[in-house]
Amino acid sequence: MKKRKTVISMLLGLSLLASLFTGCGSKESSESADNASKENAPAVDESDKAVTGDSGYETTGEEYEIYYIAQSETGGGVQNLLDIVEMYKEQVNPNFTMTIEYISDQQARNQKIRTLAASNELPDWFTCDIDSFFYKLWDAGAVANVGDIYDKLGIRDNFYPISLNYPSTSDGEICGVSWQSQAEFFYYNKDVFAEAGIDSAPATLDELLEICQKIKDTGKTPIAMDGAWRLLRYLAFVPYRMTGNEFIDAAAAGEEAFSSEVGLAGAQFIEDIGQYFQEGWTTADSSTVAQLVVNGDAGMYYSGSWDLNVFGDENMELLDNIGIFTMPALGEDDVTAPEDGFYNGGTPMAISAECAEDEEFLNFFRFLWDHYNDGCFEHGYLPPGKPSSTDDASKLQLELLDNYANAGSFAKCWDVVVDVATSEVLLNETPSLTLGNLTPKEWAARLDEAIKRNLQ
Numbered sequence: 003m004k005k006r007k008t009v010i011s012m013l014l015g016l017s018l019l020a021s022l023f024t025g026c027g028s029k030e031s032s033e034s035a036d037n038a039s040k041e042n043a044p045a046v047d048e049s050d051k052a053v054t055g056d057s058g059y060e061t062t063g064e065e066y067e068i069y070y071i072a073q074s075e076t077g078g079g080v081q082n083l084l085d086i087v088e089m090y091k092e093q094v095n096p097n098f099t100m101t102i103e104y105i106s107d108q109q110a111r112n113q114k115i116r117t118l119a120a121s122n123e124l125p126d127w128f129t130c131d132i133d134s135f136f137y138k139l140w141d142a143g144a145v146a147n148v149g150d151i152y153d154k155l156g157i158r159d160n161f162y163p164i165s166l167n168y169p170s171t172s173d174g175e176i177c178g179v180s181w182q183s184q185a186e187f188f189y190y191n192k193d194v195f196a197e198a199g200i201d202s203a204p205a206t207l208d209e210l211l212e213i214c215q216k217i218k219d220t221g222k223t224p225i226a227m228d229g230a231w232r233l234l235r236y237l238a239f240v241p242y243r244m245t246g247n248e249f250i251d252a253a254a255a256g257e258e259a260f261s262s263e264v265g266l267a268g269a270q271f272i273e274d275i276g277q278y279f280q281e282g283w284t285t286a287d288s289s290t291v292a293q294l295v296v297n298g299d300a301g302m303y304y305s306g307s308w309d310l311n312v313f314g315d316e317n318m319e320l321l322d323n324i325g326i327f328t329m330p331a332l333g334e335d336d337v338t339a340p341e342d343g344f345y346n347g348g349t350p351m352a353i354s355a356e357c358a359e360d361e362e363f364l365n366f367f368r369f370l371w372d373h374y375n376d377g378c379f380e381h382g383y384l385p386p387g388k389p390s391s392t393d394d395a396s397k398l399q400l401e402l403l404d405n406y407a408n409a410g411s412f413a414k415c416w417d418v419v420v421d422v423a424t425s426e427v428l429l430n431e432t433p434s435l436t437l438g439n440l441t442p443k444e445w446a447a448r449l450d451e452a453i454k455r456n457l458q
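For the sequence shown, my numbering assigns the number 3 to the initial residue and increments by one for each residue that follows.
Keep in mind the hints are simulated off the structure, nothing from the lab. Keep in mind that the hints are not guaranteed to be accurate.
To be verified - Label-pair restraints from in silico Cβ distances:
| id | residue 1 | residue 2 | range |
| --- | --- | --- | --- |
| 1 | D85 | G221 | 21 to 29 Å |
| 2 | E92 | R455 | 50 to 58 Å |
| 3 | E341 | T220 | 27 to 35 Å |
| 4 | P163 | A255 | 20 to 28 Å |
Unchecked claim - Derived PhoX-like pairs: lysine-lysine, alpha-carbon spacing no greater than 25 Å straight-line:
| id | residue 1 | residue 2 |
| --- | --- | --- |
| 5 | K414 | K443 |
| 6 | K454 | K443 |
| 7 | K192 | K154 |
| 8 | K414 | K138 |
| 9 | K138 | K114 |
| 10 | K454 | K414 |
| 11 | K192 | K216 |
| 12 | K192 | K388 |
| 13 | K91 | K154 |
Even glycine gets a Cβ: it sits at the ideal position worked out from N, Cα and C.
Required output: the full structure, derived from the provided sequences and hints.
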């Protein structure tokens with residue numbers, strides 16, 4: 003079976019991946035070896051390249067494997083991918099194989115990828131945020147420029163703008179693959195709202211707090227929370243409405259303090275809203291918490307389009323007692339539009355530079371995107387690019403997809419923008435802020451200290 007080895011060596015520091023990357027051999031020696039190999043290799047007749055069946059996709063038919071470290075096997079995107087792998091084997095190359103290792107825990111997944119990279123065994127494909135670790139791989143030339151692949155195959159224009167912009171470097175190079183379109187918003191239980199005398203969704207963040215208090219007065223939980231990434235979304239609401247992504251970009255670069263007016267405003271909001279989460283939220287799991295809203299035990303749940311299988315029916319329309327609303331505005335001085343908010347393409351997938359050079363990979367990747375977007379609706383999620391037909395989409399899915407395709411701005415995820423070490427501080431200290439164990443000023447001071455320490 004054809005195997006590849008990433009030609010890169012990395013050293014691990016005491017606590018972080020070191021920034022030193024060296025190749026296994028010089029470019030000149032590598033090229034010499036390649037030339038010698040070509041000279042000694044037997045001539046390949048053009049007839050050895052075959053077109054399997056009526057597919058029109060060229061392949062040698064040789065054994066070929068792609069090793070992929072993915073986040074979850076339960077997602078519709080993976081199931082859609084596996085369907086297409088089977089189609090490719092049936093129609094093009096029966097000896098094609100995709101081996102997927104699922105690691106749902108982000109920290110464990112990142113550690114596995116770092117270990118493999120340090121051993122010159124970077125996976126062909128791997129789920130990875132565009133964070134400081136990824137930039138080390140990018141700067142070393144270990145991962146592919148996905149935009150160049152799209153251009154080579156002529157498929158860049160098939161993707162929605164956010165699907166291209168979200169998995170991109172700070173200078174706009176597309177460095178990851180978006181497997182889906184994701185729009186984030188609040189799901190809410192209409193009956194819980196009505197019981198509390200609430201007749202409309204909140205238009206502002208102040209109204210959101212008022213609604214929370216009304217629901218709490220009925221004896222029910224205003225907001226269902228599972229203590230995961232969602233907490234950082236609440237933290238970002240006010241700063242995003244005040245500055246767009248300007249604040250978090252500057253804070254991550256050490257050019258703005260979390261103890262500034264904007265940073266403290268975000269911290270104060272999450273302290274204010276934290277009192278409305280259910281008891282024990284720090285250890286709750288998402289599937290259980292989501293059901294609190296469906297069953298009428300809680301009023302709201304911040305999530306997104308990927309949870310339509312929970313809050314929707316078999317036709318992907320919202321359940322009769324469920325409504326949605328997007329991130330509320332702050333006020334008249336907002337720099338973002340009301341429809342702007344958290345949109346993304348899911349955690350991006352990187353492609354190793356060496357994998358991207360293989361013709362069989364390019365053949366498969368072209369086949370993949372000739373079929374992938376059309377299969378998304380069937381699997382219950384929104385495609386990252388333009389499908390040839392929307393016949394299988396629900397009215398709600400089309401509405402959400404239209405919002406995604408036309409959004410003017412998307413909020414960045416704070417834990418991805420800051421460096422890896424500061425992200426750990428952010429994730430560890432924000433629950434303490436929310437629970438009232440830290441004041442906003444104490445929380446901000448710890449983040450400022452972390453940024454100063456980790457940017458040295």
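Going through the hints against the structure:
| no. | hint | verdict |
| --- | --- | --- |
| 1 | D85 - G221: 21 to 29 Å | violated, 47 Å |
| 2 | E92 - R455: 50 to 58 Å | holds, 54 Å |
| 3 | E341 - T220: 27 to 35 Å | holds, 31 Å |
| 4 | P163 - A255: 20 to 28 Å | holds, 25 Å |
| 5 | K414 - K443 | holds, 23 Å |
| 6 | K454 - K443 | holds, 16 Å |
| 7 | K192 - K154 | violated, 49 Å |
| 8 | K414 - K138 | holds, 20 Å |
| 9 | K138 - K114 | holds, 16 Å |
| 10 | K454 - K414 | holds, 21 Å |
| 11 | K192 - K216 | holds, 14 Å |
| 12 | K192 - K388 | violated, 33 Å |
| 13 | K91 - K154 | holds, 23 Å |
In terms of the numbered hints stated before, the structure departs from hints 1, 7, 12, listed from lowest to highest.
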